[in-house]
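As they're listed, the protein sequences go chains A and B.
For the first sequence, counting from 1, position 2 maps to 2 in the numbering used here; every step adds exactly one.
For the second sequence, counting from 1, position 290 maps to 290 in the numbering used here; every step adds exactly one.
Derived by calculation from the structure, the hints in this document are not laboratory data.
Misleading hints may appear alongside valid ones.
DSS-like, lysine-lysine: derived pairs with alpha carbons at most 25 Å apart [what the hints assert, rightly or not]: (1) A:K59 <-> B:K92; (2) B:K106 <-> A:K31; (3) B:K106 <-> B:K92; (4) B:K80 <-> A:K37; (5) B:K92 <-> B:K80; (6) B:K92 <-> A:K37; (7) B:K92 <-> A:K31.
What follows is a list of derived Cβ distance ranges for each label pair [stated by the list, open to error]: (8) B:G103 <-> A:G114: 27 to 37 Å; (9) B:Q356 <-> A:P30: 42 to 52 Å; (10) A:T48 <-> B:L108: 33 to 43 Å; (11) B:F227 <-> A:P79: 11 to 21 Å; (12) B:A412 <-> A:G2: 49 to 59 Å; (13) A:G2 <-> B:G324: 23 to 33 Å.
As the structure is a prediction and not an experimental result, all values here were calculated from the model.
Glycine included, every Cβ here is placed at the ideal spot set by N, Cα and C.
Now for the letters of each chain:
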Amino acid sequence: MGHYVPILILAALATVFAVFSIIAGALAGPKRWNRAKLESYECGIEPTRQPAGIRFPVKYYLTAMLFIIFDIEIIFLYPWAVYFDKLGVFGLVEMVTFIATVLVAYVYVWRRGGLEWD
Amino acid sequence: MTVLAANGLATGLAAAGPPPLKLGTEPTLASFGYDPWWLIIIKVLVIFLFLMLTTLMAIWAERRILGRMQQRPGPNRAGKFGLLQSLMDGAKLALMEDIVPRGVDKVLFWMAPIVSVIPAFITFAIIPVGPIVSIFGQHTPLQLTDLPVAVLLALAMSSLGVYGIVLAGWSAQSPYSLLGGLRSSAQVISYEIAMGLSFVPVFLYAGSLSTSQIVRAQANGPTFHLFGAILHWPSWFAILLAPSFVIYLITMVGETNRLPFDLPEGEGEIVGGYHTEYSSLKFAMIQLAEYCNVITVSALATTLFLGGWHAFWPITVWSGANTGWWPVLWFLAKVLAFIFVFFWLRGSLPRIRYDQLMRLGWKVLIPVALGWTLIVATARVWRREGGSTGVYLVGALIVAVILVLLWTWEFAAQRRREQAEAEEAAAYVGPDGEPRPPAFPTPPMDLPHYHGAGQDGGTTHNGVKEVTGA
Chain A
1 MGHYVPILIL AALATVFAVF SIIAGALAGP KRWNRAKLES YECGIEPTRQ
51 PAGIRFPVKY YLTAMLFIIF DIEIIFLYPW AVYFDKLGVF GLVEMVTFIA
101 TVLVAYVYVW RRGGLEWD
Chain B
1 MTVLAANGLA TGLAAAGPPP LKLGTEPTLA SFGYDPWWLI IIKVLVIFLF
51 LMLTTLMAIW AERRILGRMQ QRPGPNRAGK FGLLQSLMDG AKLALMEDIV
101 PRGVDKVLFW MAPIVSVIPA FITFAIIPVG PIVSIFGQHT PLQLTDLPVA
151 VLLALAMSSL GVYGIVLAGW SAQSPYSLLG GLRSSAQVIS YEIAMGLSFV
201 PVFLYAGSLS TSQIVRAQAN GPTFHLFGAI LHWPSWFAIL LAPSFVIYLI
251 TMVGETNRLP FDLPEGEGEI VGGYHTEYSS LKFAMIQLAE YCNVITVSAL
301 ATTLFLGGWH AFWPITVWSG ANTGWWPVLW FLAKVLAFIF VFFWLRGSLP
351 RIRYDQLMRL GWKVLIPVAL GWTLIVATAR VWRREGGSTG VYLVGALIVA
401 VILVLLWTWE FAAQRRREQA EAEEAAAYVG PDGEPRPPAF PTPPMDLPHY
451 HGAGQDGGTT HNGVKEVTGA
């Protein structure tokens, strides 16, 4: 556990610094009320009210799903890479099989246009 | 920890007592976790101050370098050479009004800058800066801490940093912020995959995820004899695993949202992106996080690919190069070189389009990184165990798949090109057998109105003949 304590201390210091700065910034500056200033910025035109529950293109959602697939693949690759020399040919064959399986999904997504942005 | 060990109350590792921490040696994983509390505090404070100061200096250096690249002096008024410019900007931001627009999600709006700063600081905990040195009589490795999964921590922190951006974009309830936040999250997670894949060959060679062990693995290349002299093969993973290094270089720019991949805050399109609505020190925190990330990915590149704190070639002639506190200097030189590359890219390259960005990430970097990983793995098995049937079969399979994919890709690209040309040719209807105009038609230089003809005399309203110069 001694290995992790310094990280926690660094995190605590960063948190204290960030929270302090933001509170200090809010207190130090002047406050002059102005209706136009508090509107969200839209290049000077009257801002459109955002509908409750913002809508955004489904592409981003798709990208997030694809990210999870490949991120899990990476998580499997790391321990394999560390113990690779002990696993030898067996490890290589196993990983080629695994990557080939994921590759099928990858090619499918590519051919269905899942990686296209327009 | 030390107090506990002295009282004989601690169990496990600590009870065994600290291992011999010999001065000037390479630390192992067992060298960590024995720092007394005051040493941890000193190291934490040094890292914190280093990141703050480097951020201030990096912003100044960026503006000066960009200025030179664009043939103007850059900021040179505040202090000698404008050195105090970033500090002054920070002070000014602190004294500006902290605007919280109407309709924002207040909690998330306040949280986002904090969430983006904390991970940016944490990653530096696992960066090795030097060998074992003596600080006030205490022998300790020049690294805050090391874990068996150190690089995983770095990746996890860069993932957490995305939350800051997403929350900032989401909470502001403004279209620009939302677009910037979404773009940024999609970009960062896409490039994170290629980044993670580019590390795998490094772990294959180093046999560890711990940063100190990866640096150690790059200490000495294997020797070879040439005309009686004993020479070293290059030991940096940047040379041994050059494709991985190139992929990492590209992805680290994408990860930090810097030019040419700075679409999340592309000024020409979406104003400031996810930090459009931020002002005062909240904005400063977001900027601080961005520059901390630049420093951290540079330090990570140094550690994983450029041999960490080990001296580079002309200096290695001096036998004392890797002893004492000198390695800190070599480490800083390498990190600053990377940071300069960031500024250099910003001064040289235009921003790319979003679809090009995603295509590069998903269709080029990821398959190349995967293929390269498999090639490295096969070559390593072949070198260690000799060629067995299994290895040759797997190797042939990998090469065959790569060739087929390349061929398909090239074939598809060619077909698309031909199709586009055919469409263009079909769309053009030339008036009676005129030659086909060039792809980007320019108007001929002798159009009538260039000479004032066909413009009804080309006179101004008070009847004076206009001088056209033709």
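A quick look at each hint next to the structure:
1. This hinted pair does not check out: A:K59 and B:K92 have alpha carbons roughly 40 Å apart, beyond 25 Å.
2. Between B:K106 and A:K31, the direct Cα distance comes to roughly 17 Å. Compliance with the 25 Å bound is thereby established for this hinted pair.
3. Under the criterion of a C-alpha separation no larger than 25 Å, the hint pairing B:K106 with B:K92 is consistent with the structure, at around 24 Å.
4. Between B:K80 and A:K37, the direct Cα distance comes to roughly 37 Å. Violation of the 25 Å bound is thereby established for this hinted pair.
5. Proposed proximity of B:K92 and B:K80 is supported: the alpha carbons are some 19 Å apart, at most 25 Å.
6. Taking the CA atoms of B:K92 and A:K37, the gap is near 19 Å; set against the 25 Å cutoff, the hint holds.
7. Simply put, B:K92 and A:K31 have alpha-carbon atoms about 15 Å apart, close enough for the 25 Å limit, and the pair holds.
8. With their beta carbons about 35 Å apart, B:G103 and A:G114 fall inside the hinted range of 27 to 37 Å.
9. A hinted range of 42 to 52 Å holds for the C-beta pair B:Q356 and A:P30, which are about 44 Å apart.
10. About 20 Å separates the C-beta atoms of A:T48 and B:L108, a value inconsistent with the hinted range of 33 to 43 Å.
11. Checked against the hint of 11 to 21 Å, the C-beta distance between B:F227 and A:P79 comes to roughly 44 Å, which is inconsistent with it.
12. For B:A412 and A:G2, the Cβ-Cβ distance of about 55 Å falls inside the hinted range of 49 to 59 Å, so the restraint holds.
13. Range check, A:G2 to B:G324: Cβ separation about 26 Å, and the 23 to 33 Å hint holds.
The structure does not agree with the numbered hints 1, 4, 10, 11 stated previously, though it agrees with the rest.
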